[in-house]
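Please assemble the complex out of the two chains, which come individually in their own frames, going by the hints.
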Amino acid sequence: MNAAVRIDAYIPVDSSVAADLPVTILERRCGWRVIDLAELWKYRELLGFLAWRDVQVRYKQTVLGAAWAVLQPVATMVVFSVMLGRVAGAADAAIPYPVFVFAGLLPWMFFSGALNAASQSVIGNQNLVTKVYFPRLIIPTAAVAAGVVDFLIASAVLLLLMLVYGVWPGAGLFAAPLIAAGLGIAALGIGTLLCALTVAYRDVRHAIPFFVQLWMFATPAIYLQADAVGPTGRALLLLNPANGFIVNFRAAMLGGAFDLPALAAAVGIGAAMLVVGCLYFRRVEQSFADVI
Amino acid sequence: MNAAIRVDRLSKRYRLGGNGAAYRTLRESLSEGVGGLWRRWRASAIDSHFWALRDVDFTVAPGEVVGVIGRNGAGKSTLLKVLSRITEPTEGRVELRGRLGSLLEIGTGFHPELTGRENVYLSGAILGMTRRDIARRFDDIVAFAGVEAFLDTPVKRYSSGMYVRLAFSVAAHLEPDILLVDEVLAVGDATYQRRCVERMADLARSGRTILFVSHNMDLIPRLCTTGILLEKGRVARVGPAAEVVEKYLTAQLSDGSQEELSVRHRTGDGRARFTRLQFLDGDGQAHAAHVSGEDLCLRVEIDASTAVPDAALAVVIKTLGGARLVSSWTRESGYAVELRPGKQVFDCCFRAIPLRPGQRFAVALWLEAGGVVDSVEDARTLEVIDGPSTREVSTDPQQGAVLCDYQWGQPRAFAEV
Numbered sequence: 117m118n119a120a121v122r123i124d125a126y127i128p129v130d131s132s133v134a135a136d137l138p139v140t141i142l143e144r145r146c147g148w149r150v151i152d153l154a155e156l157w158k159y160r161e162l163l164g165f166l167a168w169r170d171v172q173v174r175y176k177q178t179v180l181g182a183a184w185a186v187l188q189p190v191a192t193m194v195v196f197s198v199m200l201g202r203v204a205g206a207a208d209a210a211i212p213y214p215v216f217v218f219a220g221l222l223p224w225m226f227f228s229g230a231l232n233a234a235s236q237s238v239i240g241n242q243n244l245v246t247k248v249y250f251p252r253l254i255i256p257t258a259a260v261a262a263g264v265v266d267f268l269i270a271s272a273v274l275l276l277l278m279l280v281y282g283v284w285p286g287a288g289l290f291a292a293p294l295i296a297a298g299l300g301i302a303a304l305g306i307g308t309l310l311c312a313l314t315v316a317y318r319d320v321r322h323a324i325p326f327f328v329q330l331w332m333f334a335t336p337a338i339y340l341q342a343d344a345v346g347p348t349g350r351a352l353l354l355l356n357p358a359n360g361f362i363v364n365f366r367a368a369m370l371g372g373a374f375d376l377p378a379l380a381a382a383v384g385i386g387a388a389m390l391v392v393g394c395l396y397f398r399r400v401e402q403s404f405a406d407v408i
Numbered sequence: 048m049n050a051a052i053r054v055d056r057l058s059k060r061y062r063l064g065g066n067g068a069a070y071r072t073l074r075e076s077l078s079e080g081v082g083g084l085w086r087r088w089r090a091s092a093i094d095s096h097f098w099a100l101r102d103v104d105f106t107v108a109p110g111e112v113v114g115v116i117g118r119n120g121a122g123k124s125t126l127l128k129v130l131s132r133i134t135e136p137t138e139g140r141v142e143l144r145g146r147l148g149s150l151l152e153i154g155t156g157f158h159p160e161l162t163g164r165e166n167v168y169l170s171g172a173i174l175g176m177t178r179r180d181i182a183r184r185f186d187d188i189v190a191f192a193g194v195e196a197f198l199d200t201p202v203k204r205y206s207s208g209m210y211v212r213l214a215f216s217v218a219a220h221l222e223p224d225i226l227l228v229d230e231v232l233a234v235g236d237a238t239y240q241r242r243c244v245e246r247m248a249d250l251a252r253s254g255r256t257i258l259f260v261s262h263n264m265d266l267i268p269r270l271c272t273t274g275i276l277l278e279k280g281r282v283a284r285v286g287p288a289a290e291v292v293e294k295y296l297t298a299q300l301s302d303g304s305q306e307e308l309s310v311r312h313r314t315g316d317g318r319a320r321f322t323r324l325q326f327l328d329g330d331g332q333a334h335a336a337h338v339s340g341e342d343l344c345l346r347v348e349i350d351a352s353t354a355v356p357d358a359a360l361a362v363v364i365k366t367l368g369g370a371r372l373v374s375s376w377t378r379e380s381g382y383a384v385e386l387r388p389g390k391q392v393f394d395c396c397f398r399a400i401p402l403r404p405g406q407r408f409a410v411a412l413w414l415e416a417g418g419v420v421d422s423v424e425d426a427r428t429l430e431v432i433d434g435p436s437t438r439e440v441s442t443d444p445q446q447g448a449v450l451c452d453y454q455w456g457q458p459r460a461f462a463e464v
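Sequences listed follow chains F and A, in order.
According to the working numbering, the stretch in the first sequence is residues 117 to 408, in order.
According to the working numbering, the stretch in the second sequence is residues 48 to 464, in order.
Chain A extracted, bound-state conformation (with noise of 0.2 Å):
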């Protein structure tokens, strides 16, 4: 059976540091040409490389949904931009069967001074529709985005939520033999992305092939029949999706159990860096694990190379699908963080925070100061176990991971008959 997508020893290798990642000026390419020869003469190579793509080898069967996922900056963004075509392998060669289509933005082509109806036609056709598609399925583009009474009015006056749905109806309505998708379905609101979801299924239904990246490990499984995991730019494991994701978050688990946070994947402008994350009881004693029910301190340790002012920090706990569950931000309580060269640590103290023991969350860290100076999104890994203040409760995990005290019983009315 022949493959939709036969991907062969793929490298991508971008520069690094300097001027080189981004542009170069016309004086550096020519000092460089006058340069180059006695350079290369003398071997050395300054430039410094980076690859974001590694050996990668697979293959996708036609109707195979595909979940391909990793850390930032596994390479997963780089794969979708080579399979669609917007930048070239560096080496290995890719083979794809039929007419691509690829959704890594929405709203692609949209511009705000055109009316809803004029950015139909010109994001089809940037999409890759002809003319005639577009009038054929206008009538289902609109419907599914429910934007018929604006239809001429010009896009910048749409609210966010409109704008997405036509965006999004748009690309749903592209239909063509192989789909790459990134992360299109974190934006909107539930409703939203239920019906990206349900039109993905759809499409998946109807034998087309899609690869698809995202964060969200609740919905790979559910969506997909394979998994591709992506590890510092190598195939790191494919096998049925619901393995590999879990298998992912394993290695993210005995990954997260240090304190130090020196090598986490982050981002930010890098003045000052979170080094140390620690967990607290209410007593300031340091645990590795969280009792359900009880007080929790976060005590992260800061490492700043310049004194930065007016900052905020922020802590998320996250369900390990990546849906926040509890956060605290400065801001928002009013305290002021005014970070000095040099390390510095602050503690956060939730009260009584009720998680489902048994259950594991991530928490992710995050400072900024007029723009994101740290971000860390997988900080450490927080495990959650019961306690004796706890009654006996179910560590399944299929139950709730908020843990509220509950009674069952039965109105006083019914309850007599």
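The following block holds chain F by itself, in its conformation from the complex (with noise of 0.2 Å):
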């Protein structure tokens, strides 16, 4: 390399200058911290553009492109509408089949997708960890926000179903946005936490497909009327954000009865596992860079 450049002198700066800029203080902390908020809010921008980065990214090269987002849920509708269509479809009920288990598969897909992409999103994105700061926090984050573009798309299928079925929203519709991101929080929550523990074991990577299958097995609201589940059953559902947020968010297109019950508890453990889930995020997250 010979490029002629040489810095014979250096200029001082006025020291006046120097002493209007921020200091950062690099030290080791222990133990449990708070969530940063303010610097969350700093790097909006950022938490942005990786969101935006994984959608532009997800379908390209492919021929079907966002016509995947559609494809899923629809493909998956079909399969359950005609193997459970006449068990778990109650005779009586207002509601088609093929559109029931839609309105249900529907957020069951966006939180079973943002679960799985958060929980890969740090190790996915290990060239930035090892290589830039920012709050690590923003990446579970971006990867659940990743997932709203799919999720709108198949909800506009949704209308168009109900339209095609004759079924019409009532007042509740207002609601439903409201309850799929409730819904999105809770996913957050359990995938920032499961992200944190993949970093460290990666025994955690291989179970969570499966996991998130047993779950949705536990989730009886996507493809079972309410009345199927017995008490027992009833009140350990209590326990699963998912079902709760589910049962809801179907009412709320569908125009049926909410089960505030559910709705609180799910909100509930859902802000719970937010909080658990980004202050265990934060306690380990220093050591992502050595240890990923």
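It is worth saying that the hints were derived from the structure and are not from the lab.
Since this is a predicted model, take the numbers as computed values, not measurements.
This list has only true hints and no planted wrong ones.
Derived Cβ-Cβ restraints for the label pairs, each shown as a range:
# : chain 1 : residue 1 : chain 2 : residue 2 : range
1 : F       : Val179    : A       : Arg252    : 50 to 56 Å
2 : A       : Thr314    : F       : Arg145    : 32 to 38 Å
3 : A       : Asp180    : F       : Leu153    : 20 to 26 Å
4 : F       : Ala323    : A       : Gly208    : 41 to 47 Å
5 : F       : Asn243    : A       : Arg164    : 17 to 23 Å
6 : A       : Leu198    : F       : Val179    : 24 to 30 Å
Positions of the beta carbon are idealized from the N, C-alpha and C atoms, including for glycine.
So this is what it looks like as structure tokens:
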């Protein structure tokens, strides 16, 4: 290298200017730490960019492109309707089973997709984690946010399906986005927890697909009428935030009655998972670059 | 005056060995949880630790350009990682005054599927620019990289040169108060490297503080005002850049006089190791120095722990600054290397190497078989002396390292005027 550059004299900087600059202190911080919301807010643009990147990249070089966001829930809906329609759908139900099951699959796929994406997110972004600083919580959050786009596309299909079957939503429709947001927050909480665990213990990575599959069976709201579950099961289901959100999401979309106790339990557990997930994530995030 | 960077008794410890260095499995952690109490009670520390940095102290004034040097493994990269907040210090404290930008790798955050335009925004945001900053500098960034025509092409279709230029261009338009730069100048062609250096010099002139890690000993004294030499995680010397580089090179030289290579820093999977390097003349006599213009044989001894079939050996003679001058590679000459377990010796003989007397060179050794088996970057220092067959030459280190026979004259038409 023979670059003809020479810095002969360095120009001293006015120290009064330097005095105004913000000071950052780097030290070992032990144990639990709070979630630095101010810092997260400062990096909100990065959150947007990372989510936007995930959306951009997801269907690049695929023939069907964004149609995949529609194809998956629709295909699942068809299989459920053909195989389970007669058993699971109550004969007197006002809502045709395909619409019923689609309104359950839609939030479930958002939830499970967000969970999967968030839990793999830090490992998938290794090159960033080991090369540049930003609040690490941005990574799983962006992964969940990227799932919203698929959810919106599939929601349009639900509305279309409702039109075809002549199902009219009630005033509850306006609550649907809020319920979906609650579901997203629960997914973020659990996803962050799994994400932090995955970095430290790669076992978790193998357990997650299996765990998500089991969870689907444990969420009968997707494919069963509420009265198909016994009283013991119904009590246990309060512990499953996905179930509570999905029951109420469907009620909001298809104009049924809300199950408020289930919603309250889901909100409570979802919020608790968010706090626990984020706190654990914050506790271990400083070792990510060393361990990954 | 307030320091831009104040590093106070900074230490960083890593776990070593077994699974500990990488990630742990859940089973280990669970069994550790149960066995942990028992073990703590017995007070036998099974984990071994490694201090990548130990009690590092220094301050950097605003506007100072600091070169951090040291061998591989001396802690340079760890230092940058701690300063850029990628990893936390184990002990000690760092005070940074101003906005920090770090450039540990070219193209951080680039995604191959996205277009050039999209990547400028993405990687800019990742490096800490706001959308407004990027939009304002977008045209400059693109012009600096010279990729205007390919803005809407995915970067995976870029040539590697275009990719690197665009990636550097984004980073070069970061305008932090403190900039940390790791060895990123080692990639790209000469023109690109010169622009990197110019850009860094610009930043320095505009009063920004730069901390720069490099193995390029020619560059550091030119670019930096101050040098910091790290040795085994500690600060061995701080001072004017040229002086620190000089001391470092001299220390390497005195190290390099031994034939035994067992203690050298190296990389590779370790199936076999270079254990000895001897310099021989054309008659097979061992010498400490090479006579300019004479034949030179390098005799390497390799100790293999297992049979290594289809291996390849390479030796490289470099300037102390790191420029490669002469090399040989068994795959190039078609010589098959099969290692059997145990010690074995190979000779590589060069005909009449014309290196300038009075200068010193470094020899690098490299053994590969499907992957790097052993690589020793500075195996030994080769001293070149004047011999009877060479004519009077200058030994001034400012003169070229390679010495060819030459003659000065004037073309006849001009000579007669």
